[in-house]
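Novice: Spelled out, the chains give:
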Amino acid sequence: MPTFEYAPAPESRAVVDIASSHGLFIGGEFVEATGGKPFKTVNPATEEVLSEVSEASADDVDAAVRAARTAYTRVWSRMSGADRGKYLYRIARIIQERARELAVLETLDNGKPIKESRDVDIPLVAAHFFYHAGWADKLSYASLGENPRPVGVVGQVIPWNFPLLMLAWKVAPALACGNTVVLKPAETTPLTALLFAEICQQAELPPGVVNIVTGAGATGQAIVDHPGIDKLAFTGSTGVGKMIARSIAGTRKKATLELGGKGANIIFDDAAIDQAVEGIVTGIFFNQGHVCCAGSRILVQENVADEVVRRLKRRLGTLRVGDPMDKNTDVGAINSRAQLQRIEELTAVGEKEGAERWDSGCALPTNGFWFRPTVFSNVSQTHRIAQEEIFGPVVSVLTFRTPGEAVAKANNTPYGLSAGIWTEKGSRILWMADQLRAGVVWANTFNKFDPTSPFGGYKESGYGREGGRHGLEAYVKTGSEQ
Amino acid sequence: MSARVDVRKTYKLYIGGKFPRSESGRSYEVMAAPSGRRATPRFLANAAMGSRKDARDAVVAARKAQPGWAGATAYNRGQVLYRVAEVMEGRRAQLAQDVRDSEGLTPARAEAVVSAAIDRWVWYAGWADKYPQVLGGLNPVAGPYFDISAPEPTGVVAVLAPQASSLLGLVSVVAPVVVSGNTCVVLASEERPLPAIDLAECLATSDVPGGVVNVVTGRTAEVAPWLASHRDVNAIDLTGAADAPGVEWGELELAAAENLKRVLRPGGSGPEAVEPDFEPTPGLSRLSAFLETKTVWHPKGR
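Order-wise, the sequence lines are chains P and U. According to the numbering used here, the first sequence is numbered sequentially starting from 2. According to the numbering used here, the second sequence is numbered sequentially starting from 156.
Errors might be hidden in some of the hints.
[As the list claims (entries may be wrong)] Here chain P is said to cover these stretches of chain U; the calculated rule only asks that three of the stretch's residues, wherever they fall, bring their Cβ under 8 Å from a Cβ of chain P: (1) 230-238; (2) 425-439; (3) 442-455.
Think of the hints as simulated: they come from the structure by calculation, not from any bench. No residue lacks a Cβ here, since even glycine has one placed at the ideal position from N, Cα and C.
Modelling step: build the complete structure from the supplied sequences, incorporating the hints.
Specialist: Dropping the structure here:
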């Protein structure tokens with residue numbers, strides 16, 4: 002097979018100015034943290050330090066919650082839905098105006114390929130704000146129950162895999178429904194959230210409606226435990242999700258949890274194989290596999306398994322792994338050293354348990370955190386790599402004979418976030434979709450997202466939905482609710 | 156002429172469509188609520204005192220029945236549930252007597268409660284083939300995709316039935332759980348369990364498949380923790396934690412977090428749990444509390 006050489010096509014990083022240090026965004030202004038230990042955020046593709054970020058202490062979180070409460074009672078909950086909507090429209094427009102800057106910053110801080118931050122993350126962020134802006138004055142039409150009202154102050158803790166997009170998923174519906182927020186971005190990817198704070202200033206969003214506190218687990222816990230928080234929204238691991246569920250047990254805090262997954266991508270023998278192979282690639286190598294709804298388990302019908310694996314390996318050989326700022330790059334850097342270690346650890350276990358390991362053998366940059374696209378075949382259901390979320394560019398291949406067996410294997414996990422089905426037979430798609438215990442089912446496609454489309458899991462993948470009419474439910478109270 | 160010696164009923168558990176005694180062999184005295192001029196408590200029956208094992212058996216029965224019940228057509232589920240109301244109407248006399256004794260009501264008030272309970276059941280039965288359209292629908296995504304969201308039952312639900320409202324409250328928490336295709340294990344009101352067993356008899360003599368509703372009587376504080384921590388239970392309704400002796404709902408919610416059960420908290424504010432007023436027509440919140448939303452995408456193309 003011929004190898005194509007691509008000339009480098011680097012995006013310029015001159016479009017973004019990164020301050021050498023950042024404060025917290027509380028009450029509409031950047032303030033210095035009290036007491037926490039500042040930490041560095043690095044570019045995972047180069048290990049270069051990008052900036053120093055403040056660690057919010059419990060006192061800082063308290064100040065943020067108080068600012069949010071004041072903004073809630075004095076301004077935001079009293080404002081008409083139409084006016085709230087106008088602020089959200091402004092934010093959506095500013096995000097579009099500054100899209101390139103945001104995309105570059107996201108790629109620098111996260112390690113994802115610029116073509117993904119530019120073409121997927123940031124456009125979806127703008128779309129989420131635009132979509133929810135329109136809901137702000139239409140909540141009584143949303144079948145949410147009688148007299149929908151805001152919940153109050155919302156604490157939001159988001160992960161590092163889609164930093165600004167997860168912010169948008171959380172902030173846009175909260176604000177549209179009349180709540181104010183205290184949001185903590187992940188410690189390895191705080192920069193776009195801090196740039197978003199500037200966008201709120203440009204939009205002249207009333208001070209305190211959005212507060213951004215940076216930090217790690219302790220800061221998140223301070224938000225979860227703060228008595229002034231009325232509702233929590235968390236995206237992250239199932240382990241932390243359970244801790245949050247325990248922390249709020251016996252209180253009146255509401256919560257939505259969007260947690261881990263071990264999605265099955267099911268390929269039948271009548272599927273369009275090349276399209277299915279592209280679907281596998283999108284399913285697990287998109288965003289370096291740092292996707293909670295990734296199709297990390299391929300279930301392929303036995304009679305086409307060899308063919309699918311052969312074509313998959315050939316396709317993986319053409320993926321360009323490397324500099325995320327290069328517009329040709331398909332797979333970027335692993336987000337952090339800790340995550341790389343976890344991926345290395347679990348893949349070593351996979352080999353030890355007897356699965357057959359293959360990777361594309363591509364060259365990797367010397368600095369930064371990297372992992373080659375990897376395929377495990379001869380995987381059985383009891384292997385840890387088939388049960389645990391790896392959150393990296395690693396896929397396990399299992400086989401099945403009948404649709405019933407595919408369903409049983411796909412559902413054999415404590416998770417229930419996503420699944421994929423590849424077949425040309427429509428009736429089978431609909432039957433399979435009914436049987437799969439997963440919140441999102443992609444048929445003949447994978448990893449598609451839209452602000453109008455509810456997203457969230459069954460079982461230990463969490464509860465509540467984000468996006469669409471359904472996503473509003475968590476941000477309102479109705480009827481006689483106190 | 157002497158009065159006829161009446162034939163009294165044995166009140167047992169309802170698990171998997173059968174009426175077993177507690178495997179523990181235990182029972183407890185159920186007394187009538189004080190009413191009128193009567194000074195001394197009046198014995199009503201010995202109810203089965205359900206155990207951990209009974210609760211687990213009930214979960215097994217509920218799990219086994221769940222796929223079939225969820226797989227029935229919505230029209231079928233609606234008719235099966237409507238049929239329960241028909242059977243309740245036929246058993247009014249006993250329901251009214253047991254509600255009257257349990258809650259200390261006047262005959263007229265007890266009749267009114269039974270009527271409201273039957274009407275509530277009919278109200279929920281009618282939702283079977285309607286809530287999916289109200290709560291689901293097409294999502295207008297920005298691309299050539301057919302994208303649809305539909306509600307599905309969450310699975311097996313543990314229900315702590317209200318302690319005071321022994322029939323209307325019971326019906327108001329059970330019907331919204333099962334109408335969507337969930338199955339349930341109901342922990343009956345501890346001191347007022349008899350109407351729950353009457354309802355079980357109505358279910359058993361209608362067309363509701365065995366295992367869809369399972370009723371355990373006994374001490375809430377003893378059995379509820381096993382349901383809250385059970386790994387094969389998907390959700391728990393804590394409504395009946397209000398006024399249940401020795402029950403802290405926060406502890407049950409804590410146990411439920413282990414497998415991220417969906418939790419419907421009891422009414423009230425702060426740590427206090429208050430039994431809601433079941434008289435007004437409910438909204439959809441009890442139904443939607445035990446639903447999952449599934450979204451399916453498919454490309455469009457020529």
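Novice: Does each hint fit the structure? Answer for all of them.
Specialist: Hint-by-hint comparison with the structure:
{"no.": "1", "hint": "230-238", "in the structure": "violated (count 0)"}
{"no.": "2", "hint": "425-439", "in the structure": "holds (count 4)"}
{"no.": "3", "hint": "442-455", "in the structure": "holds (count 9)"}
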